[in-house]
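Enquirer: If you want the building blocks of each chain, they are given just below.
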Amino acid sequence: MKKLLVPFIVAVLVVSSAFAGGSAEKAKSNIVKIGLVTAVTGPNSLVGEEATEGAKLAIEQINAKGGVNGQMLELIVADEVNNAEASVLATQELLANPEIVGIVGSMYSAYCIAAMPSVAEAGVPFICLGSSSGVSKEKNRWTWQDRPLDTAQGKVVANFVVDTLKCKNPAIMHSTQSTFQSLYEQVFAALKEKGLNITEARNEFGFPEDTSNYAPYIAQVMAGDYDCLIALGNQNPAGVICQQVAQAGLTSARMPLVGSTSWCSNVCITAAGDAANGWYSISDWCPGGSNETAAQFEKDYCAYSGRAMSDLAAACAYDAVYILAEAMKIAGTNTDKAKINEAMKHVEFEGAISYFKYNEDHSFASTLTVTQNINGKVVPQFAIQYR
Amino acid sequence: MTLSLFVSLFVDGLSMGMIYALLGMGLILLVRAVGILNFAQGDLLMIGAYICGCLFLDLKLPLWIMFPIAIVWFALIGIIFMFTVYWPLRKASYSQATIIATMGASIVLQEAVKLIWGSSPRAMPAIVQNANGSPKILNVGQVTLPIQYLIILGVGMVIIYLVLKLFEKLYVGKLMQAACQDAYAANLLGIPSILTICATYAIVMIVCGTCGYLVAPQFMIRSTLGTLQLRAFAGVVIGGFGSITGAVIGCLIVGVVESFSTLFLSGYKDVTVFLLLIIFLVLKPTGLFKGKIGDKA
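If you read the sequences in order, they're chains R and Z. Counting in our numbering, the first sequence runs from 8 upward without gaps. Counting in our numbering, the second sequence runs from 1435 upward without gaps.
Okay, chain Z solo, but in the shape it has when bound:
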């Protein structure tokens, strides 16, 4: 393997891992907030891609106007998702009811986008382009890297930093965490848990929607984008269920392993990822980091 191939695969793996990491971080936030695993996480990413496509391709808004409007839409959709999928079932006798509802929501979202925007995939232009409209490429010696990968890495790191800062350092974040740990006690102290849950769903959708915008130039806008969530699940378990840092590191590992596995087992890259997951489940079932879910339990 040449150095240029190594660098290409490594950067590709890291950028994919970053997408999984953002999805995984969203999963952990929801698990912490309401205690459910969201099986429609990838579909929230897909919705984000479609919304950005609608604003950018149909309404032809420039990026600096499109993105703030998209963020507002993401937040609204997150809240609507919360009130339709989680809220009606929050007191169900079986906690699995909400998880099943997220699976149903996944199918509904996939069919809904096809009803609204049609079944054909749509191309989204790269964020940074050459004068002729082709995606900008960075050439360093023999290494050829699409700038889009570097944007994914950069934006992903900023989002992770902001979310960690919000939950670990800021007062609002601590209020949200307190409400998640014990909603009854938080309500007694005057912290409205409904608002903190709404805020969590809005943040998760903003993160997922932004991921959708980042991957759309590479993967196109299509209803099957949700399949990316499977690798995020694997990364979250490898990192340690409940820890945001663990989810990020686990997902980055998954991305890199997946990328390099194509060298030796090209048709079986998914198998490689899930083999890694099985190895972790057998040898280190708690994952790399112990998260706050463990503390709560």
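The following block holds chain R by itself, in its conformation from the complex:
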């Protein structure tokens, strides 16, 4: 009896492991992986948390509706910390995984640009969440952008400041980080085009990204004959600038205060509190949104993340996952990356941040919204269809 027992156990083990392997293989074949490059650790981790939540929410919703081409989506996150080197390594880590069919890239254009040669070499569709026009200038056929480009934003800011607010001599405070340096250049050029007599020496106030003290710049704005303050920067500086502007006694009653997208962000409004009131924002994302998809996203995201409001990173990553899924559907394949990349040109749908339609510069968005912070709420003023 004992002689028979050992071969019997071995046989049972072999058969069960074969079945287990088969079912694991089956489960594996039913999954399509999408990569996300974002900050998991380091000073930008809040942006990373939001982007991850946005991407995961999109994947959960897509999977709940049966997935893409019969397969379920899965998100793989790689940590870019807070520097271009780490971002490139994170992107390369995802590119090296043959199961990943598309990548949602960094929120920081400079990091995306640094990673783009690797993306082109590997041939994987890559949606950069940055807004710099420098990304599209690289003419990388695998790279796409789902946000309005800074070229558009610069013109919209200039039109709003000159035509709507009737300002003639704005002070422009901006982060010298590449994204906002580029946006500043677009705003400055557009203001000059509108005929304003401004100079970089007099109207520009650049600040290093890691600075905390904006008081010297604000003191100069208050001492000069400026009639408007334009501020361009990330979420964290936005809140601190609001706070220090209020502390210095500079209010929207004295001169209009206009910020970039971050000025209507959850982080800015929550952290700065009353100090954020009165600020306008020229925004590619407005919490609450300016269309039905955006309103639904806001509701779903707040329920999913437990946050009071959504933010740009969440909305961008959410839309980017939908763009990739849409391209896979159009291509009719979840594995052929070249076909999926080609299908990106035929993507067209109403996303959370904009109506998406292919443009020759590989960007999809076409709308910006002017908002104002009133009593701790972001109130959309009007949407601008810029193309």
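Hints listed in this document are in silico derivations from the structure and should not be mistaken for laboratory results. Take these hints with a grain of salt, some might be off.
The calculated DSSO-like cross-link candidates involving lysine-lysine, where the alpha carbons are at most 30 Å apart (straight line), are [to be verified]:
{"hint": "1", "chain 1": "Z", "residue 1": "Lys1548", "chain 2": "R", "residue 2": "Lys63"}
{"hint": "2", "chain 1": "Z", "residue 1": "Lys1494", "chain 2": "R", "residue 2": "Lys384"}
{"hint": "3", "chain 1": "R", "residue 1": "Lys306", "chain 2": "Z", "residue 2": "Lys1525"}
{"hint": "4", "chain 1": "R", "residue 1": "Lys40", "chain 2": "Z", "residue 2": "Lys1548"}
Every beta carbon over 10 Å from chain R, so not counted as near; a handful from chain Z, in silico [as the list claims (entries may be wrong)]:
{"hint": "5", "residue": "Thr1436"}
{"hint": "6", "residue": "Met1500"}
{"hint": "7", "residue": "Lys1603"}
Since the structure is predicted, the reported quantities are computational estimates derived from the model, not experimental observations. Where is the CB? At the ideal position from N, CA and C, for every residue including glycine.
Chain Z: place on chain R using the hints.
Expert: Just chain Z now, kept in the frame of chain R:
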């Protein structure tokens, strides 16, 4: 440049310089006590801001109760920091090991606060406010100055005075200095060096934590507050490494230069500070004041 702008920039520079000075003074105290440069100095400031935020915003304690409790926490954290970052490595073959440990501690502290309090920055109300909760502003003619700046200057001067008094005049301070100069001889004379080192770390953390509370209304409570330490390092070198007076004066110079540099080189204010540092290193490498580290060597 108008007089009002000059005064605004000068007071802003002095108040920032005072924060750097307090951080720099803490650096010198630690260098004197244990001979290591603490690269987590700015993060101790950040921890101080978070602790005050927790007591003030979450537990809603009034200032007069919050601050003594915060001081006790600061002292405890200083001692814990000493026993976890310095003490295990004090006899390492390479003295650089402890310095590397402080760099590691910096990262750990930044990630720890995010795990505990989340990544979002938190607003701290100004210490002196108007009836509507907005920060109080002092208007003198055309000059507009936030009261918070003046509080930073006042509290900073008091702390510097107290620390100088402790180390230069009081018997306890002299015991601490003796233990720092030669721990072996001090132990032979019955001065327990472990206690003096603990006390130094506790004092440094109290100073840094108080700085955190002072800057939080201006800069918010956030994990990146530690970056302020870079300017403190520059100020300490300019003042003369090892001298508390030198560190204070060097840091005040850095604050004022940084503030005025925004007039001409707005995007390059950090460059201006470090250019000043390079000029000092080339022309006067000993700094403005020769400190006690030099004497010890």
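Enquirer: Just checking, Thr1436 of chain Z versus chain R, shortest CB gap more than 10 Å?
Expert: Check fails; 6 Å does not lie beyond 10 Å.
Enquirer: According to the definition I'm using, a residue is off the interface if its beta carbon is farther than 10 Å from all beta carbons of the partner; does Lys1603 of chain Z meet that for chain R?
Expert: Correct as stated: the minimum Cβ-Cβ distance to chain R is 34 Å, above 10 Å.
Enquirer: For the pair we were handed, Lys1494 of chain Z and Lys384 of chain R, check the Cα-Cα distance against 30 Å.
Expert: holds (25 Å)
Enquirer: Would you check whether the claim that Met1500 of chain Z is not at the interface survives, using Cβ distances to chain R and the 10 Å cut-off?
Expert: The claim stands: Met1500 of chain Z keeps its Cβ more than 10 Å from every Cβ of chain R (closest is about 19 Å).
Enquirer: Is Lys306 of chain R close enough to Lys1525 of chain Z, meaning Cα to Cα at most 30 Å?
Expert: violated (57 Å)
Enquirer: Decide if the proposed pair is consistent with the structure: Lys40 of chain R and Lys1548 of chain Z, CA atoms, cutoff 30 Å inclusive.
Expert: Given that 30 Å is the threshold and the Cα spacing comes to 29 Å, the pair holds.
Enquirer: Under the criterion that the straight-line Cα-Cα distance not exceed 30 Å, is the pair Lys1548 of chain Z, Lys63 of chain R satisfied?
Expert: The given pair, whose Cα atoms are some 21 Å apart, holds under the 30 Å limit.
The structure shown violates the earlier hints numbered 3, 5.
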